[in-house]
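Enquirer: Chain by chain, the residues:
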Amino acid sequence: GENVEQHPSTLSVQEGDSAVIKCTYSDSASNYFPWYKQELGKRPQLIIDIRSNVGEKKDQRIAVTLNKTAKHFSLHITETQPEDSAVYFCAPYSGTYKYIFGTGTRLKVLA
Amino acid sequence: GAVVSQHPSWVICKSGTSVKIECRSLDFQATTMFWYRQFPKKSLMLMATSNEGSKATYEQGVEKDKFLINHASLTLSTLTVTSAHPEDSSFYICSATGWGSRERLYEQYFGPGTRLTVT
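Residue numbers (our numbering), protein chains in the order written: chain A, 5 to 115; chain B, 192 to 310.
Incorrect hints may have been included.
Listed next, with one range per pair, are the computed distances between beta-carbon atoms [what the hints assert, rightly or not]: (1) B/G207 to A/S22: 48 to 54 Å; (2) B/L267 to A/G20: 26 to 32 Å; (3) A/S13 to B/S206: 31 to 37 Å; (4) A/T14 to B/E254: 41 to 47 Å; (5) B/F230 to A/T82: 29 to 35 Å; (6) B/F230 to A/D63: 27 to 33 Å; (7) A/P12 to B/E278: 42 to 48 Å; (8) A/Q18 to B/L296: 17 to 23 Å; (9) A/L44 to B/G207: 29 to 35 Å; (10) A/T14 to B/C204: 32 to 38 Å; (11) B/C204 to A/G20: 45 to 51 Å; (12) B/S206 to A/A33: 38 to 44 Å; (13) A/E19 to B/D218: 35 to 41 Å.
Please keep in mind that the hints were generated in silico from the structure rather than gathered at the bench.
For each residue, glycine too, the CB sits at the ideal point set by N, CA and C.
If we strip away everything but chain A, and leave its shape as in the complex, we get (with noise of 0.2 Å):
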């Protein structure tokens, strides 16, 4: 089945640094690479998505980058914030009608 792994588990950076989490996937018949963001108790929440055809997708601080190639695509987030501290989740589309979650990031941001 398909395998999605997320590096790294855990990312302390500090206020205004950047940060970048890769998620690699094995289905080479994956066609939309979203990036969640999920507080405690909550939701995921949808922060920014890229679909096959596209090699880079920006907006405001947050930057997903796609290597169809190797089969893994990049979160960057500039200028961190403390509200961006999260667990961050990948969850490629395999086109068999299901999503699988990556293994998740703890992002902490030091003021």
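We have chain A; now place chain B onto it with these hints.
Expert: The following block gives chain B in isolation, referenced to the frame of chain A:
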């Protein structure tokens, strides 16, 4: 954006009883709904996928007789945890995808989750 609700938001039940959780798409038709469970500090684990009017497709290791899923209409899916035990205590989250004019292709719309505690 598209809105998905879940009810109840939390429930406590005794071991051996059954609990039903409802997932509703409020302003769009959900062709496919997904059920996840999440243990503390863990990722979301897909339990099953359901399409309106057909049987749910369960992931490997998920007992279909224990976790009954019904997707009777384009706006409602239910998950019933039968003969619940303490190890079933978890956070259950549903999501839905739709094909209407407002819903983005492939985007999942999540319910707020249901915290189940079995005593």
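Enquirer: Look at each hint and say if it fits the structure.
Expert: The hints, checked one at a time:
1. B/G207 to A/S22: 48 to 54 Å: Between B/G207 and A/S22, where Cβ atoms are some 51 Å apart, the hint holds.
2. B/L267 to A/G20: 26 to 32 Å: 46 Å, violated
3. A/S13 to B/S206: 31 to 37 Å: Cβ of A/S13 to Cβ of B/S206: about 33 Å, so the range 31 to 37 Å holds.
4. A/T14 to B/E254: 41 to 47 Å: Because 33 Å falls outside the window, the suggested range is violated.
5. B/F230 to A/T82: 29 to 35 Å: 32 Å, holds
6. B/F230 to A/D63: 27 to 33 Å: Roughly 31 Å apart at Cβ, these two residues keep to the hinted range, so it holds.
7. A/P12 to B/E278: 42 to 48 Å: With a Cβ separation near 30 Å, A/P12 and B/E278 fall outside 42 to 48 Å, so the hint is violated.
8. A/Q18 to B/L296: 17 to 23 Å: Roughly 38 Å apart at Cβ, these two residues miss the hinted range, so it is violated.
9. A/L44 to B/G207: 29 to 35 Å: 30 Å, holds
10. A/T14 to B/C204: 32 to 38 Å: 34 Å, holds
11. B/C204 to A/G20: 45 to 51 Å: Given about 47 Å between the Cβ atoms, the range holds.
12. B/S206 to A/A33: 38 to 44 Å: 42 Å, holds
13. A/E19 to B/D218: 35 to 41 Å: At roughly 38 Å between Cβ atoms, B/D218 and A/E19 fall inside 35 to 41 Å, so the hint holds.
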